[in-house]
Amino acid sequence: MSLRGLSQTRQRAWLATVIWSVAGMGFVLTFFTSGGVGGFPEDSGRHLTGAFALAFGFLGQWLAWWITRQREGGPLAADERDIETIARANQTTLVVVLVAIFAFTITLWTVYESAGSVPVAWMWFLAYGGVILASVTSSVATLILDRRTGGHG
Amino acid sequence: MAEGSIRSHIRRLRFENGEMTQQDLADRAGCTRQTIGALEQGGYVPSLALAFRIARVFGLGVEDVFEYDQS
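Residue numbers (the numbering used here), protein chains in the order written: chain A, 23 to 175; chain B, -3 to 67.
I should point out that these hints are in silico values taken from the structure, not numbers from a laboratory.
Wrong hints could be hidden among the right ones.
Anything over 10 Å on all C-beta distances counts as not near chain A; from chain B, calculated [to be verified]:
id	residue
1	SER1
2	ASP23
3	ALA51
4	VAL53
5	PHE54
6	PHE62
What the simulated footprint calls covered on chain B by chain A, stretch by stretch (three residues with Cβ under 8 Å from a Cβ of chain A suffice, anywhere in the stretch; the number is not a length) [claimed, not checked]:
id	stretch
7	2 to 8
8	24 to 35
Idealized CB from N, CA, C, for every residue including glycine.
One chain only, chain A, in its complex shape (with noise of 0.2 Å):
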């Protein structure tokens, strides 16, 4: 598929997804395989394996952002339209998110609750899973809302 004659918005946001996703595959293989949760905290080749994956995405929307920037003396790249979309966007991030991880937090206590502690793992996986989950809900997110409002280039 062809970005050209795409919005700004558009191939941003599909840029965004395929980074994202790739960050978040590369996330989760790295906490759950060679050892899974148990091992996590004294494998400090997985924690920057991870850390690898979460500056691949910041890094790879960077270059996406710069690349689909407005050129001088071209067409305006973005507008109201726009702006209106990628708020929506971020305002349905805000909600999945905040849902993500009231579930997941409560999740682990019912699971450990008996146990008394959680293993510490699963506060990385909060904090770097709830980074990409936004990243890739947002830009989803807008890919879905520029539809509706009649986007389709």
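Fit chain B to the known structure of chain A by using the hints.
Frame of chain A; chain B shown alone:
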């Protein structure tokens, strides 16, 4: 409160103004080509400022370009 919809006559007006392209109208009205497309399809309701700018490109009033349909 009853919610209506906004219908635009942009497509017809572009045709009547020498087949003005969406990009040309967008450039002159200060918005993106995609927003003009969205307005023509009725998927987006413009701000008052944008509605005025589009109407001015055609040399018309806002109500000649946009129509409020309360049904």
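Verification of the hints:
1. SER1: holds, 13 Å
2. ASP23: Nearest chain A Cβ is 6 Å from ASP23(B), so the label is violated.
3. ALA51: holds, 16 Å
4. VAL53: holds, 14 Å
5. PHE54: PHE54(B) clear of chain A: closest Cβ-Cβ about 18 Å, beyond 10 Å.
6. PHE62: holds, 15 Å
7. 2 to 8: violated (count 0)
8. 24 to 35: It holds: at least three residues are needed, and the stretch 24 to 35 of chain B offers 9 whose Cβ sits within less than 8 Å of chain A.
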